[in-house]
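2 protein chains.
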Amino acid sequence: MSNTEERIMRPSAFPMIEPEEATRLIFENVPAPSADDLEMVPLLEGDGRVLAEDISATQDMPPFNTTAVDGYALLSADADQPRRILGDQTAGRLSGLIVTPGTAVRIMTGAPLPDGADSVIMVEFTGEQGDTLTVQFAPKVGDNVRPQGQDLKAGQPVLPAGTLLGPAELGLIGTVNRPTFKAVRRPRIAIVSTGDEIVEPGGEAKPGQIYDSNRFSLVSAVRRAYAEPVSLGIAPDTKEELRELIRTALANYDGLITSGGVSVGKLDLVKELLEEIGAIHFGRVNLKPGKPLTFVTVEQDGKRKPVFGLPGFPVSSLVSFELFVRPAILKMGGRTKLQRQVVQVQLEHDISHSPDRNEFTRAIVTEQFDPAGGGYRYTARTTGAQNSSRLLSMLGANALLRLDPGPSLFKAGETVPALLVDRPEV
Amino acid sequence: MSNTEERIMRPSAFPMIEPEEATRLIFENVPAPSADDLEMVPLLEGDGRVLAEDISATQDMPPFNTTAVDGYALLSADADQPRRILGDQTAGRLSGLIVTPGTAVRIMTGAPLPDGADSVIMVEFTGEQGDTLTVQFAPKVGDNVRPQGQDLKAGQPVLPAGTLLGPAELGLIGTVNRPTFKAVRRPRIAIVSTGDEIVEPGGEAKPGQIYDSNRFSLVSAVRRAYAEPVSLGIAPDTKEELRELIRTALANYDGLITSGGVSVGKLDLVKELLEEIGAIHFGRVNLKPGKPLTFVTVEQDGKRKPVFGLPGFPVSSLVSFELFVRPAILKMGGRTKLQRQVVQVQLEHDISHSPDRNEFTRAIVTEQFDPAGGGYRYTARTTGAQNSSRLLSMLGANALLRLDPGPSLFKAGETVPALLVDRPEV
Numbered sequence: 026m027s028n029t030e031e032r033i034m035r036p037s038a039f040p041m042i043e044p045e046e047a048t049r050l051i052f053e054n055v056p057a058p059s060a061d062d063l064e065m066v067p068l069l070e071g072d073g074r075v076l077a078e079d080i081s082a083t084q085d086m087p088p089f090n091t092t093a094v095d096g097y098a099l100l101s102a103d104a105d106q107p108r109r110i111l112g113d114q115t116a117g118r119l120s121g122l123i124v125t126p127g128t129a130v131r132i133m134t135g136a137p138l139p140d141g142a143d144s145v146i147m148v149e150f151t152g153e154q155g156d157t158l159t160v161q162f163a164p165k166v167g168d169n170v171r172p173q174g175q176d177l178k179a180g181q182p183v184l185p186a187g188t189l190l191g192p193a194e195l196g197l198i199g200t201v202n203r204p205t206f207k208a209v210r211r212p213r214i215a216i217v218s219t220g221d222e223i224v225e226p227g228g229e230a231k232p233g234q235i236y237d238s239n240r241f242s243l244v245s246a247v248r249r250a251y252a253e254p255v256s257l258g259i260a261p262d263t264k265e266e267l268r269e270l271i272r273t274a275l276a277n278y279d280g281l282i283t284s285g286g287v288s289v290g291k292l293d294l295v296k297e298l299l300e301e302i303g304a305i306h307f308g309r310v311n312l313k314p315g316k317p318l319t320f321v322t323v324e325q326d327g328k329r330k331p332v333f334g335l336p337g338f339p340v341s342s343l344v345s346f347e348l349f350v351r352p353a354i355l356k357m358g359g360r361t362k363l364q365r366q367v368v369q370v371q372l373e374h375d376i377s378h379s380p381d382r383n384e385f386t387r388a389i390v391t392e393q394f395d396p397a398g399g400g401y402r403y404t405a406r407t408t409g410a411q412n413s414s415r416l417l418s419m420l421g422a423n424a425l426l427r428l429d430p431g432p433s434l435f436k437a438g439e440t441v442p443a444l445l446v447d448r449p450e451v
Numbered sequence: 026m027s028n029t030e031e032r033i034m035r036p037s038a039f040p041m042i043e044p045e046e047a048t049r050l051i052f053e054n055v056p057a058p059s060a061d062d063l064e065m066v067p068l069l070e071g072d073g074r075v076l077a078e079d080i081s082a083t084q085d086m087p088p089f090n091t092t093a094v095d096g097y098a099l100l101s102a103d104a105d106q107p108r109r110i111l112g113d114q115t116a117g118r119l120s121g122l123i124v125t126p127g128t129a130v131r132i133m134t135g136a137p138l139p140d141g142a143d144s145v146i147m148v149e150f151t152g153e154q155g156d157t158l159t160v161q162f163a164p165k166v167g168d169n170v171r172p173q174g175q176d177l178k179a180g181q182p183v184l185p186a187g188t189l190l191g192p193a194e195l196g197l198i199g200t201v202n203r204p205t206f207k208a209v210r211r212p213r214i215a216i217v218s219t220g221d222e223i224v225e226p227g228g229e230a231k232p233g234q235i236y237d238s239n240r241f242s243l244v245s246a247v248r249r250a251y252a253e254p255v256s257l258g259i260a261p262d263t264k265e266e267l268r269e270l271i272r273t274a275l276a277n278y279d280g281l282i283t284s285g286g287v288s289v290g291k292l293d294l295v296k297e298l299l300e301e302i303g304a305i306h307f308g309r310v311n312l313k314p315g316k317p318l319t320f321v322t323v324e325q326d327g328k329r330k331p332v333f334g335l336p337g338f339p340v341s342s343l344v345s346f347e348l349f350v351r352p353a354i355l356k357m358g359g360r361t362k363l364q365r366q367v368v369q370v371q372l373e374h375d376i377s378h379s380p381d382r383n384e385f386t387r388a389i390v391t392e393q394f395d396p397a398g399g400g401y402r403y404t405a406r407t408t409g410a411q412n413s414s415r416l417l418s419m420l421g422a423n424a425l426l427r428l429d430p431g432p433s434l435f436k437a438g439e440t441v442p443a444l445l446v447d448r449p450e451v
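These protein sequence lines map, in sequence, to chains V and C.
Using this note's numbering, you'd call the opening residue of the first sequence number 26 and step up by one each time.
Using this note's numbering, you'd call the opening residue of the second sequence number 26 and step up by one each time.
It should be emphasised that the hints constitute simulated quantities derived from the structure, not laboratory data.
All values derive from a computational prediction rather than experimental measurement.
Warning: the hint list may mix true and false statements.
Which copy? The list can't say, so a pair holds if one copy fits it or any two copies do.
[To be verified] Restricting the straight-line Cα-Cα distance to at most 20 Å, the calculated cross-link-like pairs of lysine to aspartate or glutamate (EDC-like) are:
id, residue 1, residue 2
1, Lys362, Asp447
2, Lys316, Glu70
3, Lys231, Glu153
4, Lys316, Asp61
5, Lys231, Asp113
6, Lys207, Asp113
7, Lys328, Glu253
8, Lys316, Glu46
9, Lys313, Asp113
10, Lys313, Asp168
11, Lys316, Asp168
12, Lys264, Glu153
13, Lys178, Glu324
14, Lys207, Glu45
15, Lys264, Glu229
16, Lys165, Glu70
17, Lys316, Glu225
18, Lys231, Glu45
19, Lys207, Asp79
20, Lys316, Glu297
21, Lys316, Glu45
22, Lys316, Glu149
23, Lys231, Asp326
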């Protein structure tokens, strides 16, 4: 016990690394999906998935000459003369009707163009009396005809592997007659809160205890990184139970996120346990908030699995997730664009800051049209007190301002880089 | 049969309305959530939900004076003198230790501040020998102490009803000891494709038939509007079966989207059936693509349920969904910000367009820093041929350029409004 006490009160032995080095180490050590990480996905479940095969057109689209409008299929050469109506060509079947000089066929949008016809006139420009059609003008060859293969040619590449799938992409996969497709499996990320002071909401916090918040934040954040979060609850108290929890998590899931106790108590235990079975790539980053961020990989069943030890303060936990864990999870999910957009923003007020840390300040960035410059300007104001514990400072924040080490005051009107955290990467 | 033929070849009887009028009619007639549409949601499932109650702090946060760092709780008045170490204060329990002049207590981040102490010094600035603590400088009163209630006061409003929930919000709800919360139920939106020419992917398209794409696009798009899509497949052929399908859809779900056959065939049947049981608010909009867009509401079991009849061409279907159906579904889901951001963009090339229609052209908008103006400029290029059938024109498009009726050519360098469709509304 005295041994433990001595250990936990020693300042961190991990070298302090810069954020760029942390990012480099994470990207170097977090695996992209392998062949084992692919699965077949039905079209109705495809939103937000990453395609893992090249999709090509199997036939021309449209597969036959067709009409873009409701009207009459006819011959241009008949000019503005009346035509005799032969019958109907509806969508979905071949009517067998053949348009010859002096005749026309009623045709519905999407129906195949009858043999013989070279153009379609819209119903709005026609009259019908008995079986005689009159036209207000002479159609030109090709009018309102969508020729076979206009949109896609058989064999044409449609979507490359790696594409993030949304409405248009899933429609295209249906069009080329694929009810399912090969996709990257969503990474399954286990999440556990640590700390003797942490109590499940709905339970009873005794004096000295508080309710868990990080796990709920992280489950939501992992889901927004297109992965599947798995909550493992609050970590057990004993080393044996914690060892078993970590083993089980790494055997069953693709990665693990812990929050809390990064410098003392439980997570020292986590680090100790992980050192038995894995490699600690870093344990301290020159960040504010987020300094104790820890990154470990464990080789398990032939796969490399990342463990992220996030700080316990809610803001530190979420900011370090956003900066380092989210890009890692995107990489694991087969995404290729991993980083948020960074823009230059003008400060609306003075901001004091730590002179020797890379500070990521929560801010509300707004975009305003600048009639003088003819462009847009981004301006930023912070979300009030920036304590690492004050989750309220994350509310409404759509950006993290990066305040590099240096002056202890950034003045109103100065320009700094801002990571826009509420925009997708598209 | 001849009666049917005559009907289906008559031009649309619906007046052509402007897009703004269509939006007004939709917002006027699509219901916001009522008390029946709320449900209790567990924290782990809360991402993307809309809060339906006000959440307040039930106690101070932190609930006790605590430390922001690992170090020693002590008295400022002892200045830089050595202290005698009384023992440990770990997180999660009360140690019962009392700091008196000349003494100190080891303390871990998040632990309650022992009685008597008025400050904490970080372990980095200390030394320990036997039970004696030395400090490198005199701490000031309050150093590294997080006073009770610093982040939240008991009773303080935290989140108002109507808030869209993400990582920070869900963490806050946990913090205030709420394992579940009242939220708006996700609207359940049924989706059906119509058209005799439409075949399920994986089936066999006969001559004149094509594979369904719209339903897969719309399921994905509905999911991205924070709603729950329900695919009802491809509509049956007969009027009786279709009546039964519409009745069942409206009895079981909050809304219905059909695609295809808006001007002829099946959807005339849909409109006919809907006129029996509901009200058609409009059946034609001055749009390109999307002109035949139809909006109907049906009173069912005391609730008003919207039906959107989208055109069959894939691009028309998706563009009219984006412009009109998405905001309606957001409203049904309790969202208050319903419209995408619109910015002014400069055209990278000439664009020809319909002189009498409101055209929404798919485009790739990029944002560039303009060192001269000190701001950002948006520029736009279109995604190739803009046929309504060419789903490829949606690929990679992150904006819809609005080209109002007027000149038939917009020139490179001209500025037009663009709806940014790949940004969330935050």
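Okay, the hints, checked on the actual structure:
For the identical chains of this complex, Lys362 and Asp447 are neighbours both inside a copy (15 Å) and across copies (15 Å), given an alpha-carbon limit of 20 Å. In the homo-oligomer, the alpha carbons of Lys316 and Glu70 never lie at most 20 Å apart, since the shortest distance is 39 Å inside one protomer and 30 Å across protomers. Taking the shortest alpha-carbon separations for Lys231 and Glu153, neither the intra-copy value of 85 Å nor the inter-copy value of 31 Å comes in at or below 20 Å. Taking CA atoms no more than 20 Å apart as the test, Lys316 paired with Asp61 passes in neither setting, with 35 Å inside one copy and 47 Å between copies.
In the homo-oligomer, the alpha carbons of Lys231 and Asp113 lie at most 20 Å apart only across protomers (18 Å), although the nearest pairing inside one protomer, at 80 Å, exceeds that limit. In this assembly of identical chains, the alpha carbons of Lys207 and Asp113 never lie at most 20 Å apart, being 42 Å within a copy and 56 Å across copies at closest. In the homo-oligomer, the alpha carbons of Lys328 and Glu253 lie at most 20 Å apart inside one protomer (18 Å), although the nearest pairing across protomers, at 35 Å, exceeds that limit. Taking the shortest Cα distances, Lys316 and Glu46 sit within 20 Å of each other inside one copy (13 Å), while across copies they are farther apart (54 Å).
In the homo-oligomer, the alpha carbons of Lys313 and Asp113 never lie at most 20 Å apart, since the shortest distance is 72 Å inside one protomer and 27 Å across protomers. Proximity of Lys313 to Asp168 under the C-alpha cut-off of 20 Å is restricted to the inter-copy arrangement: shortest distance 18 Å between copies versus 65 Å within a copy. For the identical chains of this complex, Lys316 and Asp168 are inter-copy neighbours only, at 19 Å across copies versus 67 Å inside a copy, given an alpha-carbon limit of 20 Å. For the homomeric pair Lys264 and Glu153, neither the shortest alpha-carbon distance inside one copy (87 Å) nor that between copies (27 Å) is at most 20 Å.
In this homomeric assembly, Lys178 and Glu324 never come within 20 Å of each other (Cα to Cα): the closest approach is 46 Å inside a single copy and 46 Å across copies. Within a single copy, Lys207 and Glu45 get their C-alpha atoms no closer than 34 Å, and across copies no closer than 41 Å, so neither meets the 20 Å cut-off. Neither within a single protomer nor between protomers do Lys264 and Glu229 lie at most 20 Å apart by alpha-carbon distance, with minima of 24 Å and 60 Å respectively. Taking CA atoms no more than 20 Å apart as the test, Lys165 paired with Glu70 passes in neither setting, with 44 Å inside one copy and 59 Å between copies.
Taking CA atoms no more than 20 Å apart as the test, Lys316 paired with Glu225 passes in neither setting, with 26 Å inside one copy and 54 Å between copies. In the homo-oligomer, the alpha carbons of Lys231 and Glu45 never lie at most 20 Å apart, since the shortest distance is 41 Å inside one protomer and 57 Å across protomers. Within a single copy, Lys207 and Asp79 get their C-alpha atoms as close as 9 Å, which meets the 20 Å cut-off; across copies the closest is 44 Å, which misses it. Only within a single protomer do Lys316 and Glu297 lie at most 20 Å apart by alpha-carbon distance; the minimum there is 19 Å, versus 65 Å between protomers.
Only within a single protomer do Lys316 and Glu45 lie at most 20 Å apart by alpha-carbon distance; the minimum there is 13 Å, versus 51 Å between protomers. In this assembly of identical chains, the alpha carbons of Lys316 and Glu149 lie at most 20 Å apart only when taken from different copies (14 Å versus 70 Å within one copy). When the C-alpha separation of Lys231 and Asp326 is checked against a cutoff of 20 Å, the pair qualifies neither within a copy, at 41 Å, nor between copies, at 49 Å.
When each numbered hint is compared with the structure, violations occur for hints 2, 3, 4, 6, 9, 12, 13, 14, 15, 16, 17, 18 and 23.
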